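The listed protein sequences correspond, in order, to chains A and B. Residues 371 to 478 in the working numbering are what the first sequence spells out, letter by letter. Residues 12 to 132 in the working numbering are what the second sequence spells out, letter by letter.
Where hints are given, some of them may not hold.
To be verified - Per label pair, the in silico range of CB-to-CB distance:
1. B:THR79 with A:GLU450: 37 to 45 Å
2. A:SER447 with B:TYR42: 42 to 50 Å
3. A:ASN464 with B:GLY21: 14 to 22 Å
4. A:THR440 with B:THR129: 31 to 39 Å
5. A:SER384 with B:SER81: 46 to 54 Å
6. A:THR427 with B:GLY19: 27 to 35 Å
7. B:ARG92 with A:ASP441: 20 to 28 Å
8. B:ASP113 with A:SER434: 31 to 39 Å
9. B:GLN12 with A:ARG411: 18 to 26 Å
10. B:LYS54 with A:SER454: 22 to 30 Å
11. B:GLY21 with A:ARG411: 37 to 45 Å
12. A:SER447 with B:SER30: 42 to 50 Å
13. B:SER81 with A:ASP431: 18 to 26 Å
14. B:LEU22 with A:SER447: 38 to 46 Å
Derived from the structure by calculation, the hints contain no laboratory data. Treat the numbers as computed from the prediction; the structure is a model and nothing was measured. Note that CB positions come from ideal geometry on N, CA and C, so glycine has one too.
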Amino acid sequence: EIVLTQSPGTLSLSPGEGATLSCRASHSVTGSYLAWYQQKRGQAPRLLMYGASSRATGIPDRFSGSGSGTDFTLTISRLEPEDSAVYYCHQYGNSPFTFGPGTKVDIK
Amino acid sequence: QVQLQESGPGLVKPSETLSLTCTVSGGSISYYYWSWIRQSAGKGLEWIGRIYITGSTNYNPSLKSRVTMSVDTSKNQFSLRLSSVTAADTAVYYCARENYFDGSGYVSDNWGQGTLVTVSS
Chain A
371 EIVLTQSPGT
381 LSLSPGEGAT
391 LSCRASHSVT
401 GSYLAWYQQK
411 RGQAPRLLMY
421 GASSRATGIP
431 DRFSGSGSGT
441 DFTLTISRLE
451 PEDSAVYYCH
461 QYGNSPFTFG
471 PGTKVDIK
Chain B
12 QVQLQESGPG
22 LVKPSETLSL
32 TCTVSGGSIS
42 YYYWSWIRQS
52 AGKGLEWIGR
62 IYITGSTNYN
72 PSLKSRVTMS
82 VDTSKNQFSL
92 RLSSVTAADT
102 AVYYCARENY
112 FDGSGYVSDN
122 WGQGTLVTVS
132 S
């Protein structure tokens, strides 16, 4: 099973700033089948990125993803208050599919 | 716009079987994988498994001995059964559609709102 580790655990930032979220896998993720989800309180996760760097439908270009192998990054530029959420990485290249523990982003 | 809705008992007794159904509306159940994912405070997000319309399944080995998934294309529904539940199975259960993106495999792009299932006597 591939274990995903995310850092930092929490980010506290101001509107307009940028955020860099890291996801590290215990083994190489096949095909860079790595996704990022945003989850707001009381809601289901929302797909942001797939294939490490492809944006899902309707996701603004302030969100970008990169990486391959075992190291992946989600970058959020020009943070807005609505970006406050927990962000999860998810590998779906190797069964069982797994999720990281999440990074909480607070926008103050 | 495809929508998914979980349904089933919110309370299940220990040792009994948890049964949930996901109804897909606004689109066909064909050509996708359909998955179940749960989220608990203790274990975070956990992939339970998935099923294709042919009935082909992939289960998480940690739950495989207790999980059964099925699909009913005539009703646009798919289901989850988890047997011999304990308090550790208390979680919000989500159903999700796995959509194929060229060169990027099948990824869960559309989720139900989730349903809380509590295991308690």
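Open item on the list: Flag every earlier hint the structure violates by its number, smallest first.
Closed with: 2, 3, 7, 8, 11 and 13
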